[in-house]
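Trainee: Spelled out, the chains give:
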Amino acid sequence: MRHLMSPLDFTTSELEKLFDLASEIEKNPKKFSTICNGKILATCFYEPSTRTRLSFESAMYHLGGNVLGFSDAASSSASKGESVSDTIRMISCYADICAIRHPKEGAPMVASGKSSIPVINAGDGGHQHPTQTLTDLLTIRSMKGRLSQFTIGLCGDLKFGRTVHSLINALIRYPDIQFIFISPEELKIPDYIREDVLEKNNIPYKEFVRLEDCIGDLDLLYMTRVQRERFFNEEEYIRLKDFYILDKNKMALAKKDMLVLHPLPRVNEISVEVDDDARAVYFKQVQYGVYVRMALILTLLELL
Amino acid sequence: MLNVGKIEQGFVLDHIKAGKSLSIYEYLQLDQLDCTVAIIKNAKSNKMGKKDILKVECDPSLINLDILGFIDHTITVNVIKDGEIQEKKELILPKEVKNVIKCKNPRCITSIEQELPHIFKLTDDKKEVYRCKYCEEKYEKFY
Chain F
354 MRHLMSPLDF
364 TTSELEKLFD
374 LASEIEKNPK
384 KFSTICNGKI
394 LATCFYEPST
404 RTRLSFESAM
414 YHLGGNVLGF
424 SDAASSSASK
434 GESVSDTIRM
444 ISCYADICAI
454 RHPKEGAPMV
464 ASGKSSIPVI
474 NAGDGGHQHP
484 TQTLTDLLTI
494 RSMKGRLSQF
504 TIGLCGDLKF
514 GRTVHSLINA
524 LIRYPDIQFI
534 FISPEELKIP
544 DYIREDVLEK
554 NNIPYKEFVR
564 LEDCIGDLDL
574 LYMTRVQRER
584 FFNEEEYIRL
594 KDFYILDKNK
604 MALAKKDMLV
614 LHPLPRVNEI
624 SVEVDDDARA
634 VYFKQVQYGV
644 YVRMALILTL
654 LELL
Chain B
8 MLNVGKIEQG
18 FVLDHIKAGK
28 SLSIYEYLQL
38 DQLDCTVAII
48 KNAKSNKMGK
58 KDILKVECDP
68 SLINLDILGF
78 IDHTITVNVI
88 KDGEIQEKKE
98 LILPKEVKNV
108 IKCKNPRCIT
118 SIEQELPHIF
128 KLTDDKKEVY
138 RCKYCEEKYE
148 KFY
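So the protein lines, in turn, are chains F and B. Note that the numbering used here numbers the first sequence so that position 8 is 361, with each residue one more than the last. Note that the numbering used here numbers the second sequence so that position 97 is 104, with each residue one more than the last.
Since the hints were made in silico from the structure, they are not lab data. Predicted model only: the values in this text are computed from it and were never measured. One or more of the hints may lead you astray.
Stated by the list, open to error - With a straight-line Cα cutoff of 27 Å, these simulated DSS-like cross-link-like pairs (lysine-lysine) come out:
1) F:553 - B:133
2) B:148 - B:54
3) F:559 - B:133
4) B:54 - F:512
5) B:54 - F:541
6) B:134 - F:541
7) B:128 - F:601
8) B:102 - F:553
9) F:541 - B:111
10) F:467 - B:133
11) B:109 - F:433
12) B:145 - F:467
13) F:384 - F:370
14) B:145 - F:512
Said to hold, decoys possible - Using C-beta positions, here's what the derived DEER-type ranges look like:
15) F:537 - B:113: 30 to 36 Å
16) F:618 - B:119: 22 to 28 Å
17) F:601 - B:99: 57 to 63 Å
18) F:427 - B:105: 32 to 38 Å
19) F:364 - B:92: 30 to 36 Å
20) B:57 - F:548: 45 to 51 Å
21) B:56 - F:565: 22 to 28 Å
22) B:24 - F:556: 33 to 39 Å
23) B:111 - F:361: 22 to 28 Å
24) B:119 - F:469: 56 to 62 Å
All C-beta atoms in this analysis are idealised placements derived from N, C-alpha and C, irrespective of residue type, glycine included.
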């Protein structure tokens, strides 16, 4: 039995298989529409999430399976003080596979240690968000036709942005990737990514504060939101939340084939006027998220 | 010159960085052992200038070498039997330490989950970096 805690749990060749399966699902969804009949996905969301939870549920319904779960900690027995270990033991009796989101970092790993069903980390605090990474990789592969030889800019909250950390970890395994980090001083990438991931593997990276100074060099721009829920201090959040806004003027400086990705939800870091630009693929990304989660559920349930 | 007598059975921890013997005492939880312990601070050392030494008269199997390796793998461990050095143990950095140090990340699951062991893994043996197994927070050594 396998779990998914980090994008690194799968080798690049296993990821290729997963993405091939997702592409097959995209081309022929009907073929997979009853494959999970009689199977149940539990979505255990200890913190609010619309997109990820609905994406998982949509994926399971598209496979012909059923879904149960809770969408915030207040409506679960966590509010009564139940541990993650105990909750997952109970969930294991109700469902065949579980997606868990938790504000505490490492909670899905604790769950996987006690679970008798596959556990998927659907986001743990500011740590990892592997299914978003799989979504990002599938989007890049589908839109660019490759997962190598490009310069990617990561912009916004690089300190608390778990999607960013997961994506960096995943991309360093592909050849000729260069990173450009664009963030205010207070939201720079954490030391453990810099030291243990980038420098340890001799991955080239540059850091900028202004997006305008580097946007012309990028093949991909990954925008992120400054997340209120990651700040202990409201004043600091307010000071930093509008640091970056991608608009038409900045897009004019970018390459003609640069793609703009965003894990969503967007607040105001991408101006709505950019949505009509053919390079903006963040809504296509949402669709790829469903395909990749369908492929993941099938893979972890070993139904193929 | 202060003289501390030799021990018959136990271990002598030599070449402890000067002033750090009390930290070692606490990490090894020597206060919980009912035995004679000599803490020698700032002893003269040709190699180090000054050093600390701990002499503990007890069953040598009671010492946790993993913890000691984690704290400072340059410490010399002499196992004493019948008043003589029977063995010099080499310390290595353990791949994992369990319930020796605690994760200080307030966002880590260890901050709320009942009876969850605090586990740190060695992620860089050259820089001696340990990270929490759950949240990957780096442990800042204060020793």
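Trainee: Would you mind marking each hint as holding or not holding in the structure?
Mentor: How the hints compare with the structure:
no. : hint                      : in the structure
1   : F:553 - B:133             : holds (11 Å)
2   : B:148 - B:54              : holds (23 Å)
3   : F:559 - B:133             : holds (25 Å)
4   : B:54 - F:512              : violated (43 Å)
5   : B:54 - F:541              : violated (42 Å)
6   : B:134 - F:541             : holds (22 Å)
7   : B:128 - F:601             : violated (46 Å)
8   : B:102 - F:553             : holds (18 Å)
9   : F:541 - B:111             : holds (20 Å)
10  : F:467 - B:133             : violated (33 Å)
11  : B:109 - F:433             : holds (25 Å)
12  : B:145 - F:467             : holds (25 Å)
13  : F:384 - F:370             : holds (17 Å)
14  : B:145 - F:512             : holds (15 Å)
15  : F:537 - B:113: 30 to 36 Å : violated (22 Å)
16  : F:618 - B:119: 22 to 28 Å : holds (26 Å)
17  : F:601 - B:99: 57 to 63 Å  : holds (59 Å)
18  : F:427 - B:105: 32 to 38 Å : holds (33 Å)
19  : F:364 - B:92: 30 to 36 Å  : violated (49 Å)
20  : B:57 - F:548: 45 to 51 Å  : violated (32 Å)
21  : B:56 - F:565: 22 to 28 Å  : violated (55 Å)
22  : B:24 - F:556: 33 to 39 Å  : holds (35 Å)
23  : B:111 - F:361: 22 to 28 Å : holds (25 Å)
24  : B:119 - F:469: 56 to 62 Å : violated (23 Å)
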